[in-house]
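Asks: Sequence order for the protein chains is F and R. Numbering-wise, the first sequence is residues 1 to 243 according to the working numbering. Numbering-wise, the second sequence is residues 1 to 683 according to the working numbering.
I should point out that these hints are in silico values taken from the structure, not numbers from a laboratory. Where hints are given, some of them may not hold.
What the hints assert, rightly or not - Over the 12 Å line for every Cβ pair with chain F, so calculated as not near, a few chain R residues:
| id | residue |
| --- | --- |
| 1 | L31 |
| 2 | K37 |
| 3 | Q79 |
| 4 | T82 |
| 5 | T231 |
| 6 | R245 |
| 7 | S255 |
| 8 | P307 |
| 9 | M337 |
| 10 | R341 |
| 11 | L368 |
| 12 | I397 |
| 13 | T487 |
| 14 | R503 |
| 15 | F536 |
| 16 | N562 |
What the hints assert, rightly or not - The calculated DSSO-like cross-link candidates involving lysine-lysine, where the alpha carbons are at most 30 Å apart (straight line), are:
| id | chain 1 | residue 1 | chain 2 | residue 2 |
| --- | --- | --- | --- | --- |
| 17 | F | K111 | R | K107 |
| 18 | R | K602 | F | K214 |
| 19 | R | K380 | R | K447 |
| 20 | R | K614 | F | K170 |
| 21 | R | K107 | F | K214 |
| 22 | R | K107 | F | K44 |
Here a beta-carbon is modelled for each residue, glycine too, at the ideal position from N, C-alpha and C.
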Amino acid sequence: MKPALIAVCAVTLLVAGCSRKSKQLGSLQATATGAAIVESGGGKQIGYAGMLLDQPVVVQVNDASGSAVAGAAVYFSGPSGVSFTPAAALTDSSGQVTSAVALGQQAGRYKITARTRDASGKNITLMIDEVALGYQQTVGAQLNALYCVRCHDPESTPQRVSNMDNLSVKPHPFTEGDTLNKMSDEDLLAIISHGGPALNKSPQMPPWGYTLSKSDLAALVSYIRAVSDPPYQAAGLVYARNY
Amino acid sequence: MKDRLRSLWRFFFSDSARAFGSASVILLLLLAIAPAKNHFSQWRHYQKQYLHLIRGRADAVTLERHFQGGIQQIWMPEQQVTDRCTTCHLGLKEASLADVSSVAFRKHPVIPHSLTEFGCTVCHRGQGAATTVEEAHSSTEQWEQPLLPAKYIEAGCGQCHLENQTGTPFLNLGRQLIISYGCTHCHTIKRPDGTYIVPDDDPPSLKHIADKTTREWIYAWIKDPQAYASTATMPNYHLSDADARDISAFVLAQSTPLQPPIQPLKAETNATVDPAAGTTLYGQSFCASCHAMQNAAGMMVGGNVGPELTGIGTKAKPEWLQDWVANPNHYDPGTMMPHYRFDAKQVATLAGFLESKTEPDFVANVHLDAATPEQIEHGKRLVVENGCASCHEINGIKKPENFAPELSRIGSKPLSQLLFVEGVERSLPGYVAAKVRNPRSFGPSLKMPQFNLTPQQIDAITTALLAQTDRAQTQPPTMRIASVQQTKYEPAGHAGQLMRDLRCLTCHMINGHGGDMAPDLTWEGTAVQREWLTQFLKNPETLRPALIRRMPKFNLTDSEINTLSDYMMTVYQTPEFDRDSLPVSQSTPAQVEQGRQLFYSKFACQSCHIADYKTDKGYIGPALAAAGKRFNAAWVYHWLKDPQALRPGTIEPNQHMTDDDARSLTAFVMSLKSGGAQEAAKK
Chain F
1 MKPALIAVCA VTLLVAGCSR KSKQLGSLQA TATGAAIVES GGGKQIGYAG
51 MLLDQPVVVQ VNDASGSAVA GAAVYFSGPS GVSFTPAAAL TDSSGQVTSA
101 VALGQQAGRY KITARTRDAS GKNITLMIDE VALGYQQTVG AQLNALYCVR
151 CHDPESTPQR VSNMDNLSVK PHPFTEGDTL NKMSDEDLLA IISHGGPALN
201 KSPQMPPWGY TLSKSDLAAL VSYIRAVSDP PYQAAGLVYA RNY
Chain R
1 MKDRLRSLWR FFFSDSARAF GSASVILLLL LAIAPAKNHF SQWRHYQKQY
51 LHLIRGRADA VTLERHFQGG IQQIWMPEQQ VTDRCTTCHL GLKEASLADV
101 SSVAFRKHPV IPHSLTEFGC TVCHRGQGAA TTVEEAHSST EQWEQPLLPA
151 KYIEAGCGQC HLENQTGTPF LNLGRQLIIS YGCTHCHTIK RPDGTYIVPD
201 DDPPSLKHIA DKTTREWIYA WIKDPQAYAS TATMPNYHLS DADARDISAF
251 VLAQSTPLQP PIQPLKAETN ATVDPAAGTT LYGQSFCASC HAMQNAAGMM
301 VGGNVGPELT GIGTKAKPEW LQDWVANPNH YDPGTMMPHY RFDAKQVATL
351 AGFLESKTEP DFVANVHLDA ATPEQIEHGK RLVVENGCAS CHEINGIKKP
401 ENFAPELSRI GSKPLSQLLF VEGVERSLPG YVAAKVRNPR SFGPSLKMPQ
451 FNLTPQQIDA ITTALLAQTD RAQTQPPTMR IASVQQTKYE PAGHAGQLMR
501 DLRCLTCHMI NGHGGDMAPD LTWEGTAVQR EWLTQFLKNP ETLRPALIRR
551 MPKFNLTDSE INTLSDYMMT VYQTPEFDRD SLPVSQSTPA QVEQGRQLFY
601 SKFACQSCHI ADYKTDKGYI GPALAAAGKR FNAAWVYHWL KDPQALRPGT
651 IEPNQHMTDD DARSLTAFVM SLKSGGAQEA AKK
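Using the sequences provided together with the hints, build the complete structure.
Replies: So, in structure tokens, the structure goes:
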């Protein structure tokens, strides 16, 4: 009798342990369903590990004809550590749900998911990318804000007028992954520390190697890598192959 | 049952040989408990997992060579650090493990410190000596400091770094908010270096408040300051109608008339005021550099040095406005606002303009009967109870000492000393954040008022407070990176009085004292020519094409301008070199031409500077089209050689120029005399 009892207990414990993950958010009573879910704002933000993003994430549920649907249930989810306030809500009269997002404890890229159901009960999902900066990238972000953005960011703000249009050779915004991802860390370091002419490019990019420290330069490179879009993939270790 | 036990006893211990054998077996089993526990311990499990992970990787051989089994420990007795975290966190130093998904084995993100020299718990907290996951990371009865959540990690930096760091934006923000919201009017916060945090929000004195505003406005303001100005830093005390009525009665009753008194309004002046002229004068005087005002589109435009002016006409009495605009020193000798030296017409124009900026709704529903002596007495009691005099000067009430708990060691406060209420996370960061977010959630009778903060600001303040730990206060002074305090520099003599009247140091920094809105003037006498300086003081021009802020025109007399120029040219000189050491007459036309080539091609200076308004568009540095009339050649030369040496923190990069290049560029820059921005605008 006893072994049987123990076995039952063990199985129960096991099931209880596993079922924690499959626990669902309190399900909402949706009054409508949509055919598509789209991002209205808050994607591709650059935040900090563990912190709230500056802007909330806003998604919109549309029907087949592309007009907004009110009362559809939207569920947010993300990698471990990402929190949403609220994590689930019904779309408002303009078909939108707004959620404040705090990123997880680790620096890196976060893919968060917004999900709703269509009329047949099938899940429709939307992936939104966000970036969390760690210590080194944060240093890079601060240096970028002080030295680089005025030329490398085409956007002007009331506090800072962009200088990009005044340059005969246009600098690359740091999010321009298509170009910057092709450059090695060494090339980036060389161009930042010795200026454009180091790589046979425009002298309008001045040398920063006599103004910034080595760790500052490394921080800038890590920041540029962190914000690039599409994401930067490091080449990884290279080993001699045996032929 | 009894029989069964007896037979068992007999089986094992019936005779001495058997008993000896059984006892030996039991002893062996008992002795095996400790090794077995060790064998099945959590950290061994992690080390096995780690080995499994690295053996599957390309650089397995290197990683395995680095691996050391057994309990690992970072021990620094003088720091009271015994950290065994590296027993399980085995990949912290392995560059190739940066992409591992498991937090336990991932490489530590790049930080400026060596892990072995600082340990882990100094920054992350937690129980360093523990070897189980639960004990090391969470709070237990024996260990109250759990792991610090990542969003407050900058609190770790703040224990030693008392100065702002580039990599700690939230700590910097939190410290700045604690100063600018005036937290330390009530709470004492001692920094680890023994200095105290001094607030800079400068709450107004209430000693002559009746000269400035009405009882109705005071009533509405103390009920809800943010309803008057969304940028107001004064917190909300959630006062009842009766309490607000009595406090406003007392505040007005204690007020004494200013000496000498404010002149009554001249009736004829306001009638002639042209509203368009007021807007122009407000713009020309650069009021918006310090004061914000909501524009017609509802956007807040302007700085945050002075109070918001959107509803100033509802708040201030017309005669007070005239008096203040004419000379702010009369009402408040300690104000940061400069004395603009407006003439009578300008005073009437600007005061009339400000008077027209009203928010009638703010006081529309306030109807107060004349105050009774009992109400005034009750109001006085409330003012004492709420600690109003911690921030404001009030006649007859002394500033209370230690009005609120000291926060010098709040970051190490044991949980057992904190009182939690429902909905507040049971942790120190949770408690501090909840207190900052909504102090009255801990009980309606608590005195701490409600501040108007965003979630980011709350996190930042919590980070700064969590840095105030026992460790920070008690560690050896050699561990500390001291904060750079502003000096107490004040310019001297007659010029000094003038500079104080004009409040130069509100915007400019001189000898380590002053504001950061305008250029540092410490060595201005070496940098510029006297003729340029006098001209600039008489009629300031825009030096940077894309900058909104500009030096106001102070209507200075010629003799005042001479005094200021003489003083600055004599006193504000660098000891490093003589401003006349590089006479312009020495430069040759060939050098100028060489400099032009360098300017436009080798160094591409036109990216940031304008040498010629017809061709150049650089928006970042000052325009140089008239540099030859402004600068001294020696300054330009030394600046080109090393900008940061002359002005630390300037963003102009050091180009590591040769002496010849710098000399030629100086010759070219000094040859630019084609007139200032104003002349260019006229063309």
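Asks: Each hint should be assessed against the structure and marked as holding or not.
Replies: Here's how the hints hold up against the structure:
no. : hint            : in the structure
1   : L31             : holds, 28 Å
2   : K37             : holds, 22 Å
3   : Q79             : holds, 21 Å
4   : T82             : holds, 24 Å
5   : T231            : holds, 16 Å
6   : R245            : holds, 39 Å
7   : S255            : holds, 39 Å
8   : P307            : holds, 20 Å
9   : M337            : holds, 22 Å
10  : R341            : holds, 29 Å
11  : L368            : holds, 41 Å
12  : I397            : holds, 40 Å
13  : T487            : holds, 24 Å
14  : R503            : holds, 23 Å
15  : F536            : holds, 23 Å
16  : N562            : holds, 36 Å
17  : F:K111 / R:K107 : holds, 21 Å
18  : R:K602 / F:K214 : holds, 24 Å
19  : R:K380 / R:K447 : holds, 16 Å
20  : R:K614 / F:K170 : holds, 20 Å
21  : R:K107 / F:K214 : holds, 21 Å
22  : R:K107 / F:K44  : holds, 25 Å
Of the numbered hints stated above, none is contradicted by the structure.
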